[in-house]
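Protein chains: 4
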Amino acid sequence: MVSRIADSEMYAHLWGTEELRAVFDEKARLQAWLDILVALARAQSALGLIPPESADAIAEAAHVERLDLTYAAAETRSTSHSTLGLIHAFQRILPEPAREHVYLGVTVQDITDTWTALALRQVGSIVWRDLRIIESLVLDLAETYRTAAMVGRTHGQPGAPITFGFKAASWADELRRHLDRLRHGQDHWLVGQLAGSVGGLGFFGDHGVGLRRDFCARVALADPGISWLTSRDRLVEFAQVLATISGTLARIGGEVYELQRPEIGELREPAGMGAVSSITMPHKRNPERSEHLDTLARLVRANAGAMLEAMVQQHERDGRGWKTEWIALPEVCLLTGTALQFTIEILSGLEVDTERMAANLAIQSGFINSERVLAALTPHLGKHRAQELMHDALQPSGGAPRQVIAALAGAGIDGLELADPPGAAPPLAPPPAALTMVDEVVRRARAARAAESDTWPT
Amino acid sequence: MVSRIADSEMYAHLWGTEELRAVFDEKARLQAWLDILVALARAQSALGLIPPESADAIAEAAHVERLDLTYAAAETRSTSHSTLGLIHAFQRILPEPAREHVYLGVTVQDITDTWTALALRQVGSIVWRDLRIIESLVLDLAETYRTAAMVGRTHGQPGAPITFGFKAASWADELRRHLDRLRHGQDHWLVGQLAGSVGGLGFFGDHGVGLRRDFCARVALADPGISWLTSRDRLVEFAQVLATISGTLARIGGEVYELQRPEIGELREPAGMGAVSSITMPHKRNPERSEHLDTLARLVRANAGAMLEAMVQQHERDGRGWKTEWIALPEVCLLTGTALQFTIEILSGLEVDTERMAANLAIQSGFINSERVLAALTPHLGKHRAQELMHDALQPSGGAPRQVIAALAGAGIDGLELADPPGAAPPLAPPPAALTMVDEVVRRARAARAAESDTWPT
Amino acid sequence: MVSRIADSEMYAHLWGTEELRAVFDEKARLQAWLDILVALARAQSALGLIPPESADAIAEAAHVERLDLTYAAAETRSTSHSTLGLIHAFQRILPEPAREHVYLGVTVQDITDTWTALALRQVGSIVWRDLRIIESLVLDLAETYRTAAMVGRTHGQPGAPITFGFKAASWADELRRHLDRLRHGQDHWLVGQLAGSVGGLGFFGDHGVGLRRDFCARVALADPGISWLTSRDRLVEFAQVLATISGTLARIGGEVYELQRPEIGELREPAGMGAVSSITMPHKRNPERSEHLDTLARLVRANAGAMLEAMVQQHERDGRGWKTEWIALPEVCLLTGTALQFTIEILSGLEVDTERMAANLAIQSGFINSERVLAALTPHLGKHRAQELMHDALQPSGGAPRQVIAALAGAGIDGLELADPPGAAPPLAPPPAALTMVDEVVRRARAARAAESDTWPT
Amino acid sequence: MVSRIADSEMYAHLWGTEELRAVFDEKARLQAWLDILVALARAQSALGLIPPESADAIAEAAHVERLDLTYAAAETRSTSHSTLGLIHAFQRILPEPAREHVYLGVTVQDITDTWTALALRQVGSIVWRDLRIIESLVLDLAETYRTAAMVGRTHGQPGAPITFGFKAASWADELRRHLDRLRHGQDHWLVGQLAGSVGGLGFFGDHGVGLRRDFCARVALADPGISWLTSRDRLVEFAQVLATISGTLARIGGEVYELQRPEIGELREPAGMGAVSSITMPHKRNPERSEHLDTLARLVRANAGAMLEAMVQQHERDGRGWKTEWIALPEVCLLTGTALQFTIEILSGLEVDTERMAANLAIQSGFINSERVLAALTPHLGKHRAQELMHDALQPSGGAPRQVIAALAGAGIDGLELADPPGAAPPLAPPPAALTMVDEVVRRARAARAAESDTWPT
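Protein chains in written order, with the working numbering: chain F, 661 to 1118; chain U, 661 to 1118; chain D, 661 to 1118; chain R, 661 to 1118.
Certain hints may be false.
Same chains, same label: a pair holds when it works inside one copy or across any pair of copies.
Claimed, not checked - Simulated pairs of lysine to any residue, SDA-like, Cα-Cα distance not exceeding 25 Å: (1) 687 x 881; (2) 687 x 1009; (3) 687 x 740; (4) 687 x 669; (5) 687 x 751; (6) 687 x 730; (7) 687 x 661; (8) 687 x 753; (9) 687 x 1104; (10) 687 x 733; (11) 687 x 878; (12) 687 x 1045; (13) 687 x 748; (14) 687 x 1018; (15) 687 x 677.
Think of the hints as simulated: they come from the structure by calculation, not from any bench.
Work out the full structure: start from the sequences and follow the hints.
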């Protein structure tokens, strides 16, 4: 029974990718847990804590498809213990004495936290890869539309001209910082957990720290140095980085959503996407994927918030925060990963209507260029006086710069000789600084890309 | 593939009840959608919009097990439309011309919002029922332990005596307000949706409002009077009420969790629950269900927060907030329902150790009774002066009231003749007002229970 | 030193109203606390717990301007106690023995919770009044623009026609539910607190409950029946209701913000508001107040979320949640109240450009009317087949209904005789159901308004 | 009028430090804005955009105490513009033509974002300093109490032994990661903003990028390379790092709060703090500062959540998210800074009761050592069989390891010859791995401290 729509047959594609769902799939997770138990047995065998034959037997049996999961689930419920059901099912297929040597001296979090780190390694590598794909697409947009003038808008209102490349460069700038965060945080995230009951590895006497070192090496995670059973900033930070990434993607999606309004018409999601937008209004073309980026970011935020609250844990284990992570952290990963894929799809075929951009600028003319007119008037009138006069002149019912000049004359400003009358300047040219900024962002990003690994951890 | 642990075979019982999972189960939801399509067809037939034969054919075919859900899912993905996949699969098993008469003139939200209201009717009835069971258990605790004296604690520190019945009465008082909220809100929540493309029911010409009236009657929901496509306070309010209920349950769970510390030892979850608490520390008895109430409340809050944000919707339909509801609202329902069941289990067998309660009071003696000693000294010394003297005397290394009296004498207070020397008062008697409050809460609740329906909507 | 920008001289008007700031002003709050102490002394005197002369002396001295607040603040810091600083300062101006009779047997929360209820009475009455003003303005809009056809938009895209009155009616519908919530919740909120140390009123022996009854009557609040020191759902519910109100106002603001885009140009904030929108772009007219409604709603949500978390309190007093309320609840009130005022300002002078609305409809023509064309074709082709054909025909580069008909003919559909050819229908008429819905909402609201008190509590 | 309790005379010390309040104080902020205007004028003068005399005049007049702030506030309100009121007040004291040369070509965010970065430089340096003080205190605790055995607790229940030094080392480990985050993030945060109207610096023609470079150098911030008007991940990240720091401090506070329960009695806030805990219960000693750390962390989280939401900004300026930052970011800083100070106070005088720790271990004996007994039995019985037998034997009413052995004998286990009978092992010795972990954490931290700057930015 699938009670979560996010896993439903009809809608799972909106809330997960196949690739990420495979990371968090129940069977895959249980297999990973078994693999961790194998690594543990191998490490214990290497230290002489269990016989090598037991480690071999454990390794041989550790295949999820061999377990009776119905029995494991029933035992999970009857013991109210998070891993004992699985262990009981595993023991059933283990020979003596391996049966007694599996899961020796460790506890739930040793398995689940180590698995989480392994899952984050997969998630991080997907996010790194997809972010770099998106960065590449965005850099291409920045270069292609470097000089494609369009209306810059503030508070929802047309302001001065920018270029679409400049807008894309702003996205690229933000994306690069996310890549930097992903790279920097990997040391915090990719660590194993071997803590035992309360973190002190008391079960293993003098062998505790050595066992952990070997165990971590076998699962290819760093040794944490100290148990982190209730020290959860590591996972919170990962969730936060993904939440900010989702925020950036929602920002990009928001631009497409708003600029796809036919009244504006400057951007459009790729044709073919959102195939049937409305079944009662056949003419509709909805920016459904762009819109969905916002939905995903909201839910990521909600779960990242739960992660942050879950940092405040009590004593040496605290199920209140820890079980919160069980739900919230995979959710953050699945939804962010979906957002990355949707963004790739949108940007790969983004329709950029430079003619409409130019037309929208032209419609505004006079108005849109008011910053430059102001600059031209400033030497003559002073900036603030010019601003006030223009503000009064440029009422919504008002007009173009020439009318401003007339207004100024009407206001008794005489001796105004504009060698380069403001309205005469080509109205649509983007500001040169915007182009320089595009170049700078692209240059930095391309240099960083050339110098970095295209796989993560880097 | 089940990527959400909340639906996993091993752990689904921690994040849902069978009963609630059946409400939100994919098949059940699709069947409910089909039933809504039937109600719509019947209503359209009654108005002459489609032939009665088509309504009959639609009703006859509307069984989810007859649909090819794999095809429906594929069509959902290829059309990027939320219901068209289902409709295509439905049309495949409908005869002509019913095929053209199904889902006539309506849109996704007509189906999904109406379904949501129907689901909330089921959820609300479960919550109402379980809340009343919990109230009953809590009222019994309040009566049984009306005079069972225990330490009242503030800021985690022992203060003056209360009784366990008083503590339970505080829970009962809060629970009753939730029942009041559930009853009051039902008019806001149990309404149908028939809005068409943009809310104006334009497809139906002059028949729109009449069609909605009949449609709502057929699904046994109120007629909303106006479309509520982007007016989502209804659903937000439901989520908020459930979130506050979860908060109350987490408060109850928190008491059990803390008072089950063996250093305190006043409450314990029922024996047999949490059967195996630790596999490395065999002596452990963890308050796992009480603890989990806190986890559930956190996740409910996170999702209720997403619901609140989703109120701010744009124009006549806004997928950003609406799709957020798809995930967040069922989650609120499933998790709150789980918390209710866990609470019933805990309270049904709660172990109340009145001897330990008395012993904890006795250990504190002198200290714990300081409020009463203060009251006794007040006529002699004035309240604030007495407080200061007692505060100085009652250092942690200090002692019992007699030492306070000595300290007072040592402080030069003479002529102090205590007819009823404070330390002589029976130290453990609970304050009479606490007992009166228990009686009042129980009386009000029992009266309300007698007067109200035991089913919801009331 | 004012470290919070919300109270800064320059910007306080954005984050509070004079009226609400006066409720939460430090001096006003301290005066209210003194008044509560007076009510307490009067009640204690009536029960013979303190002499009437002391009650008189306390009443006479209880004026905040008579207190040395610098001393009170210093004592607050040195005692680390929330009210003892104030009490010490108060005692300084009280004669013996009243000095010992002030604040007798009660604790911080008795004062602060009672004050909170009194503050909520003021806040609630402001919110009730302003909501009703807004409802009235919105009802007027609904009636005035009942038939003013405009584009209905879904997913940011033009859909079928609605009227601006219909949009306003949707707001009115939501506002009325808020009024219902405010009315219903008043019994939960307007209660006094007299609980003493741990809720049991132990200091007062047999007098506790009677004292509370009299005390509550004197402060004109209901008697709660039982102490609610850690039962905080009352305050959470108030915060939630205000948060949903803020959400509605943000939804209204969002419409103005987006429809004020000059590319759409259908609504505009009143002229004269947002006087200088940009000092480098003199032509700008920003929807600054509408925009700010969204900001306010976000911050209200954040604080309402903190309130919700603060429900889960421990034992008989829990400073962690309680002190959270100190910050979060006033913030919710101040910001919501500001949003109400801004909304009144916006709606009072809202510029509705019906010509532009009509023009935007006309631009879309053919497209916008696709729902009605579809309805007209449905009897001939079947609804779903018509939808598919229209969908293919109405590509963005496509055209008007006549082209649809041509497309249909081209698709081999013959025998199509449209008595009323779809494109010939007057394209801009709003759907009749929308008008009926406006009428229904207005009728219900006007009836409710006539029957209800215009002051709160009702 | 101070409507926010956080700035009230009585309670400001709970919600801010003098040092941080001085950063966000209105006058200080306005002075910083003036200083930024001076830097701008100097940079513009250096490029020949304004005469040097104007820059000199601007610099000379730029003193907040010379401005008429009442006038500035009135102008702020009448213009509805965030900085124009200040500029008008500034112009009043500027000579011609400097009056026209101030604030030339820039907009609000140029001033406020640059100021924010400057404020974050101050805040970051305070946080860095205080975090390192706390780390030092915690390292001292880890070393001092390296071998001080105490009960490790999971799910609120006593488990196996740890040491208090081990608990402190877990805190230290977490604190060090925060220092790493602070160091790494500085490049993201300490950047100036010079963007003009829409980010393209159009006012300045070809001079834009050069002007920004010089301006940033003058305010000692990095040049961002591209405008970041709506690219707010920088500030969100800062808020997130502070929120996780607050979470760590709340975790530390939570330990003190719970372990200060007299029933446990292992830790206590410094004597003298929380001087008067209760005025009706004179014996109380409340962990008020520890408790408050949790309150602060909640409010920080709420505001950090608002910051995260505010990332999703529209077009080239979006007041909805940006104005949210105005409130939320300073709040995060002020509250986190307060938490740091409280933590320093608590840890500086933390009372660690090692005798009580030992006694609590002894009370548990038999139970608490169950992990080690289990380890000793494992070679004889197998781990899981031993666990089951011990679990049955160690009922709450059960007993010590010897009884376990008896139970095992009773269960028919014969041939059990324990060379080192489990109950004979010294029961309270902490596990050696715990001590090694303490050493490792201390070693790493001391090495990092020796290698790093004690000021920030590093």
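Hint check results:
no.	hint	result
1	687 x 881	within (22 Å within a copy, 42 Å between copies)
2	687 x 1009	neither (36 Å within a copy, 35 Å between copies)
3	687 x 740	within (20 Å within a copy, 29 Å between copies)
4	687 x 669	both (17 Å within a copy, 10 Å between copies)
5	687 x 751	within (18 Å within a copy, 36 Å between copies)
6	687 x 730	both (12 Å within a copy, 22 Å between copies)
7	687 x 661	both (16 Å within a copy, 8 Å between copies)
8	687 x 753	within (17 Å within a copy, 35 Å between copies)
9	687 x 1104	neither (43 Å within a copy, 39 Å between copies)
10	687 x 733	both (12 Å within a copy, 23 Å between copies)
11	687 x 878	within (21 Å within a copy, 43 Å between copies)
12	687 x 1045	neither (71 Å within a copy, 27 Å between copies)
13	687 x 748	within (17 Å within a copy, 32 Å between copies)
14	687 x 1018	neither (54 Å within a copy, 45 Å between copies)
15	687 x 677	both (16 Å within a copy, 22 Å between copies)
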